[in-house]
Amino acid sequence: MRARFVRVTTALLTGLALPFAAAAPAWARLDDGQAPTHTGWVFVVGIYVGIPVGFFLLLAALTYGPSMRRRPRYRPTRDWRADAVWFNGPADPEQALTAAPTAAAKGGGASASW
Amino acid sequence: MPAGDAFSAHDLSEIGREVRAISDEAKVVFSVLVADPDDLGDTPDVRALAERAHAALGDRAHEAVLVLVAPNARRVEIVTGSDLRGRLSDRDCALAALSMTSSFAGGDLTGGVLQGVRMLGQRTGKPRRQPSVVAPGRTFSSLLRP
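Protein chains in written order, with this note's numbering: chain A, 1 to 114; chain B, 115 to 260.
Just so you know, these hints were derived from the structure itself, not from any lab.
Here a beta-carbon is modelled for each residue, glycine too, at the ideal position from N, C-alpha and C.
Possibly wrong hints are sitting among the right ones.
Claimed, not checked - Derived DSSO-like pairs (lysine-lysine); straight-line CA-CA distance at most 27 Å:
| hint | chain 1 | residue 1 | chain 2 | residue 2 |
| --- | --- | --- | --- | --- |
| 1 | B | Lys240 | A | Lys106 |
| 2 | A | Lys106 | B | Lys141 |
| 3 | B | Lys240 | B | Lys141 |
Claimed, not checked - Take a look, some chain A residues computed to stay more than 12 Å from chain B by CB distance:
| hint | residue |
| --- | --- |
| 4 | Phe5 |
| 5 | Leu13 |
| 6 | Phe20 |
| 7 | Ala26 |
Using the sequences plus the hints, can you model the full thing?
Shown next as structure tokens:
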């Protein structure tokens, strides 16, 4: 969990810092004799920070989203603690199991392991 | 791994629905228990737990097939009822168990359970004709003859 936090934070900070680094020349004073067109800082930030960060967040959501939504799944090599589930079983499993007759009505069957 | 349910709500309803539908169609009670022996009481052995769970089906046990999936013991046990002797062979049970284990080994509990029960349902033969209530041991046509 900690390693994941570090990963996500690093990715976020990198994503935030890169657009500023890339946008640095845009703040340089023009001295080619032409009058600069006026652009407000909100507009500049919107284009050079907002769009890249938005794009980064979209990619991050698409990458991490599915695995964050998924519940912990069964893995054969790991210990699995889960409540017992009985499909089409008796109405009161606990009571039925303790009261199960010893003279079983079994005919046959099979077993396998993995 | 945190404690909780082995299946999502969607999986639970899907397996429940499928197991009941296949039971109705095959005229057999299929029952699937997903549990490990240490979850339920003092039964130490997986096979013993399966047989006990099969017996716990009560009146239905004679024509019931119990499938026990033990995720931690990594075992599948199938117990068939005594009335199913001619309808579902041990060989078919073994095939179904094998197909389930291959899904479980890949971490797919839901898919394995569904596939196994479907396979068992397909391999279960039709119920034998009930003996005549009117005259046990005699067929209908023999009653017509004087």
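Checklist entry - Which numbered hints are broken by the structure, listed smallest first? => result Violated hints: none at all, because every hint is consistent with the structure.
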